[in-house]
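> As a plain string of letters, each chain reads:
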Amino acid sequence: MSSLAMPAPDAGTLARRAEIVSDMKIIVPGEGVVDHVTGMRAFETDGLTAYRQLPLVVVLPETVAQVSRILKYCNDRNIRVVPRGSGTSLSGGALPLQDAVLLVMSRFNRILEIDLPNRAVVAQPGVTNLGITRAVEEDGYYYAPDPSSQIACSIGGNVAENSGGVHCLKYGLTTNNILGIEMVLMSGEVVRLGGRHLDAEGYDLLALMTGSEGLLGVVTEVTVRILRKPETARALLIGFPSSEQGGQCVADIIGAGIIPGGMEMMDAPAIRAAEDFVQVGYPLDVEALLIVELDGPSVEVDHLIGQVEAIALKNGSTTCRISASEEERLAFWAGRKAAFPAVGRISPDYYCMDGTIPRKELPRVLAGMRELSESYGLRVANVFHAGDGNLHPLILYDANKPGELENAEAFGADILRLCVRVGGVLTGEHGVGVEKRDLMPEMFGQADLDQQMRVKCAFDPNHLLNPGKVFPQLRRCAELGRMHVHRSELAFPDIPRF
Amino acid sequence: MTTFTPSTAGEVREVVAWAAGEESPLEVLGHGSKRGIGRPVQAAHTLDLSRLAGVTLYEPEELVLAAKAGTPLAQIEALLAARNQQLAFEPMDYGPLLGGPAGRGTLGGAIAANLSGPRRLKAGAARDHVLGIDAVSGRGEAFKAGGRVVKNVTGYDLSKGLAGSWGTLAVLTDIVVKVLPAAETEVTVALRGLLDEQAAVAMAAALGSSGEVSGAAHLPEGVSGGMLGGGLGGAPATLLRVEGFGPSVAYRVKLLRELFPGVAADEIGAEQSRGLWREIRDCMPFADGTDRPVWRVSVAPTQAHGLALALRMQVPATVFYDWQGGLVWIRMEDGEPQAELLRALVARCGGGHATLVRAAPAVRAAVAVFEPQAAPLAALSARLKEQFDPLAILNPGRMIAAA
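If you're matching them up, the sequences are chains A and B in order.
Residue numbers 76 to 573, in the working numbering, belong to the letters of the first sequence in order.
Residue numbers 426 to 828, in the working numbering, belong to the letters of the second sequence in order.
It should be emphasised that the hints constitute simulated quantities derived from the structure, not laboratory data.
For clarity, every value in this text was computed on a predicted model and none was experimentally measured.
Incorrect hints may have been included.
Unchecked claim - Far from chain B, by Cβ distances over 10 Å, these chain A residues were calculated:
hint, residue
1, Ala93
2, Ala117
3, Gln173
4, Arg182
5, Asn184
6, Arg303
7, Val355
8, Phe415
9, Leu480
10, Asp489
11, Lys511
12, Gly556
What the hints assert, rightly or not - Covered stretches of chain A (in silico footprint by chain B; criterion: 3 or more residues with CB under 8 Å from a CB of chain B, positions within the stretch not fixed):
hint, region
13, 238-251
14, 341-350
15, 385-397
16, 435-449
17, 453-467
Just so it is clear, CB atoms sit at the ideal spot from N, CA and C, and this is done for glycine as well.
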């Protein structure tokens, strides 16, 4: 495990563990409190398995009233709390703290209401992302954001992380597809934002909550917008001799006014690994492979397929296959969807990064990555949500070789710095968590981070909810609130006015 | 009373820092086209951002545009139109409704008011299209959030969080928005003669179909007659807009018409359709040159007609519906805002919110313009305000009366 500075555990809390456990058992009777090491072991990490930590105690409440009582209890006694959904975070967002109650929301697993005329589903936060689609697909609907962990990840976790997927360019992220939430503040107060209606009556707190990584409140109910499933979907599998040509093809498709449902690119190492794994006929003599999926009425899809094909040819595509059946479309995707495990076959370990860049910068970033790959002596394979610029470099390493994980992490950090340098961001959909926490200053100045922490102060002034995540350095709210005003500072006559 | 007209973000910061030092409130304005919305602001000075203007980045293939906050919306829309692109959230123009000229307004104002038009239903609100911002807090500190890419979860989403805050948290100085291709063509299917309740059922069916409807409005008798200079005719009109590529539009129009056998239906071609939806977007039926109270009510779509019926049993009101019914425009015909009555009915209809977007200043000073919030939520909003603007110098009292 590489070194990671987390907030120092509170000795008083650790000393009172037995009392806290017993109080938790009163608040959540039955099976809802796990306090033995063997039971807690299952919760010591999330999808970022390089980091592990046993919590103080694991609590699995069943009702909103219990969540409220737990948070109020902890708030009153200055006890830290780490919320957790399904534990699929790739950035360590649900990493426990030694002195914190781990609040696991998995027993909130019911769909509460399906409202087709208003195209809304009300679900408890522990319902899986795919569970929502499953509940409405017989009626012809689906929930659009589809993170690749959708079989396991929870809708509450999706709100916390603002999860994306491969269809974001056309259908948006979680923040664009939820209508409302119920949440509990660290004080124990229960607050409802939105509902089945649109937009906020006041400040858009739902925007702040979505993607707040469990630092602002605990989501206890989510209302999502569902959409009619497109009548058809067809895909093109297009190979290019260079990533520049692939990238230009993407730009030209969008320039022609076409917004595909999905648009994915893979580089040569990723293509090869995927083809070796699933054997779906990916071309092995290309540098970039593009999957373009068009969805909608078949008349529209057929109309646009021809246009995309022409654009690809104009950009020098060397292969272009068009799916003629649903089986073939799924085969095109099979390699892309299996890219991570495929890379897992050719390397003992891999480390998945998640920067987003302006699309046009792709060739420059890939070239930079090749140089870094050489200097670090580690291989890298790339899958790229080409439509929205979200890049997932997979760094191949061997954790059993001393120093190689640290080397891979340093390589990853350099890739993210490169993403920021070309106008992109540190994380497109995996979150900051603990993984990218210390890189935040690459993208934000202290004033930017201070204002974000002030938002935290409005929700949780004692920094008790999920501390040690997102922000590299916690500053006390009293200190952040101080105003440094200098009355005479304004160069008053220099201000244009009339 | 001083009016500051900074032309750089640095000057904005200086003005706000000075105002904070003096504890002297500022009214924050772009073009002032929506100045009549909200509680009247009592501020010693005015911060006029109309000189902080200019598009700083436009890359059509990247679907991104950045501009200074005071950039005229009309300029941005013209620039986009030249490349067959648009602001997909279809920002409404409040000018005519509030008795001012049409075509005014800045990008900063559109985001600060979270202005969204009929396409809100399908494409999202203004806030959904904000990718990044630079702003100055009421503390007089410049900060940035977000970026220029669509997929970004780095830190709290302050860019979207500041949308709809009416200049009471921070002064936006630069804004990056996502832009999208404009539709190749459009057709509106107009179902004729439906009662409000029947229209609600029809709109729900249309939105639940594969028609990919990008606008769904219902104009009852008495409202429809005034549209398109009388061109729409006086019968109730339930309007379903279909946008996209030609062959797809033709197919979906046919699909929608087949959903409603036995209902009289017209097809309105692209040019007239664009004009019609502009009038709906800008609430032209109530742009009557008066200050009779106009409410903008957001409820679950299927609750809208029940709300309107219950209201009209008690007070004279004219109503029409956008967003499948999720947006109800209401004009109070006897001049009384009836805030308590209306809000009680909204609560009874499953909840939502009512904003008094037009009323005389004296009315706006006395009646809560924005929907009052439950106590814990109101307290949370107040704490958020304090974290951005602890001295309450930005648009004081515009959203909520000072404590």
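> Take the hints in turn and mark each one as holding or not.
Structure-based check of each hint:
no. : hint    : result
1   : Ala93   : 33 Å, holds
2   : Ala117  : 27 Å, holds
3   : Gln173  : 26 Å, holds
4   : Arg182  : 24 Å, holds
5   : Asn184  : 25 Å, holds
6   : Arg303  : 6 Å, violated
7   : Val355  : 26 Å, holds
8   : Phe415  : 18 Å, holds
9   : Leu480  : 23 Å, holds
10  : Asp489  : 17 Å, holds
11  : Lys511  : 8 Å, violated
12  : Gly556  : 7 Å, violated
13  : 238-251 : holds (count 7)
14  : 341-350 : violated (count 0)
15  : 385-397 : violated (count 0)
16  : 435-449 : violated (count 1)
17  : 453-467 : holds (count 4)
Violated hints, listed in ascending order, are 6, 11, 12, 14, 15 and 16; each of the other numbered hints is respected by the structure.
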